[in-house]
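Trainee: Mind docking chains B and C on chain A? Use the hints.
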Amino acid sequence: MNSNTTEGLLLDPGVGFALLAVFGLGWIALGIWWGRKAKTTEGHMLAGRNVGLALGTATAAATWITSNTTMLAPQFALQLGIIGALAYCTASFGLFLFAPMAARIRTLMPNGFTSVEFIRLRYGETAYWLFLLISIFYSMTWLVSMAMAGGIALEALSGIPYLTGMTVILAVCVAYTVFGGLYAVIGTDFIQSIIILAGLVIVAVMILAKEPPGSVYERLEESRPMLLSALFPAALMALFNNMLFGIGEITHSNVWWSRAFAMRKGVGAKAFLLGGLVWLPIPLVAGFLGLAAPALGINILRPDVAGPVVAAEMLGTLGAVLVFIVVFCSLASSIDSLLAATSDLITKDIVQNLFMKDATDRQLRTVVMVVIIGLGVVTWLLCLGRSQTLAEVLFFAGPLVGSTIWPIIAGLYWKRANPVGVSLAMLMGTAIGLFAYQTIGWYTGALVGTAVSFVIVVASTAIFPREFDWRRLRVSTAPKSPADRIREEAAQ
Amino acid sequence: MISLVPQWIFSLLIYGAVALAAIAAVGLIALLLIDRKNGELW
Amino acid sequence: MRTTPTRTNRLVAVTAAFLSAAILTIAAPTPANADEPVRAVFTNADGEPLSGDDLAADSARGDIQLHWALDPPDADASPMFRLVGRLDGELVDDRIVYYEGPQRRSFISGLEDGTHEFVVMARLADTDPWGPESEAIVFTVEHHSLRQTFILLGIGAFLFIAIVFVVVREAIFAENPFADEDDAADPAPTDRAAGKGDGA
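Chains as they are written, first to last, in my numbering: chain A, 1 to 492; chain B, 493 to 534; chain C, 535 to 734.
One chain only, chain A, in its complex shape:
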């Protein structure tokens, strides 16, 4: 369509490349700088298990701010209205609920590394394989959809070709994660969360200065009344499904478990609670950009670029630059975390557990780095096709992650949870949840997966209780000889 003059890009590609270069090189430099602290594998994987409250809070919030939170929230608000925006905000409940679990995880396994390791020790081999498959599937689809979204977003904002943008984002994240490990991931998360919050607040304040919420409301009431409806069926149906999806993502994923292991004793619960509070307003603020468009007289060309278009119309080039940086930061803060947490999982739970039981610290360190680079390459290859279908596969993850919520909760708190029941719960929850997703609708996938899993876990534990000796969690993760040295060093 020959309408480039009127529907043009928000930012000159040259400016886009310059921003990409400045921030990309900045993150890599910080990664190398912080990487010098990671003297051991444990340091690289878990930042020395010594992360404090400020960085812990920021990393919980920043990792949960994906490109969806900043790019998709305006679209979500435009499609599902104010109730839809509020429903999106409830994803922060996942962080709130994980707060006490993080404390429990650290108490039960002070020397643990991954969520899969917990499942293996707590429930045995069958549950381990099921949980491993779900974890890897979820991590890879999230990673691929995020890298793909990055390439698409940079192209839409500044005309940087998809392949170039996607490659640069991935390469930058792989580079600083390899050099700096979780130190770099968490350190950059802090800076990224400040940039994202400040960027969104600036744009929102500019809009509020021009159009108060009252006039936004009046314009919506006139032309798009359902967006203000308290009883918007599609939004209400999405509410708990999305909330359970979010809770499932957080309770099962090693992205969050590795943070629970990495935070200093007594920090985890507070950090996740505060992180949830930091995250809570963001979908509503970003959603407001979308909702304000009609009142500001801004035409919504396509729902998926509504937020950036509004920012650019309000603040000109500065707005476009801000949006570009915010999107880049939200992408990087999630991709780096996924790379780090998934490489931990592959290193500890596949390579070490199955093939290299007696690996030395030095060998493991090499494995981690190779795995991070390998993950980057695999993700890059999967993203080459820019396949929309591949991105939509992520929605299948709802039933999968939903079915893990109760196995995790029962495993952490119930001494008598039944391992066979737990495996069955994940299997049946996934299967029936996927069936509901296909036959009833997308808004039932996580809901049904969680419900089926809940019934099986609770029933099997009540009818066939199996006693578990908590000590097995600690004996198996007790530090071995190389790690012993580290602990001695740390104690001095």
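I should point out that these hints are in silico values taken from the structure, not numbers from a laboratory.
The beta-carbon is built from N, C-alpha and C at its ideal position, and this holds for glycine as well.
Worth double-checking, as some hints may not be accurate.
To be verified - DEER-style ranges, computed between Cβ atoms:
#, chain 1, residue 1, chain 2, residue 2, range
1, C, Gly-635, A, Lys-210, 14 to 22 Å
2, C, Gly-688, A, Gly-26, 46 to 54 Å
3, C, Ala-691, A, Val-475, 38 to 46 Å
4, C, Ser-679, A, Arg-302, 28 to 36 Å
5, C, Glu-709, A, Asp-358, 34 to 42 Å
Mentor: Leaving out everything else, chains B and C in the frame of chain A:
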């Protein structure tokens, strides 16, 4: 008939969210300055 | 955080209706310069004439993506367009102006239940009157039933409350099975946990 969310609640939500986000940004920096034991990163 | 997959065409109950000449003559303003009235027409995303399934719309969510162009196409012209719509039963004079400007597409959302009718018109200069109205796009919106909504809300609320109940209860009452060891190994755990240190 559509049952609309009242206008004052809509305004409250928007102002509240923007204010909370601003407080969060300032709060994170304040927290970093107060709590210096941050995994020795800073 | 995941959101709605856009299964656009699945729930669509869209018909591009070709209005009768009678309605057109009543509704369309007579162009002052009858020699050169410019016509606008709805198109698909590629700017081609609209056919049956081209429209991306979601009847259960009440949103639709519209595209339009000049008819016949004129690459040299820089026309202005005006997109208006109304809910079935409302007066033509009460139509809502959704867009006025040079762009050639718009995303309309938040429509209420009922049959919505959109038309687009064009003009070449700000001083010209608007050209004749295009054929209308008729879009029937039917949100999910509240009964189904509340059933799903109920199941979701139950599951959510169960999770919160167990986690909060256990967070308060669950005992540390390693309490003895931890106390012995770490005689003053509060010192390190309190975070009141004076810097590293």
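Trainee: So, for every hint listed, does it hold in this structure?
Mentor: Evaluation of the provided hints:
| no. | hint | in the structure |
| --- | --- | --- |
| 1 | C:Gly-635 with A:Lys-210: 14 to 22 Å | holds (18 Å) |
| 2 | C:Gly-688 with A:Gly-26: 46 to 54 Å | holds (49 Å) |
| 3 | C:Ala-691 with A:Val-475: 38 to 46 Å | holds (41 Å) |
| 4 | C:Ser-679 with A:Arg-302: 28 to 36 Å | holds (29 Å) |
| 5 | C:Glu-709 with A:Asp-358: 34 to 42 Å | holds (35 Å) |
Hint compliance for this structure: every hint is met.
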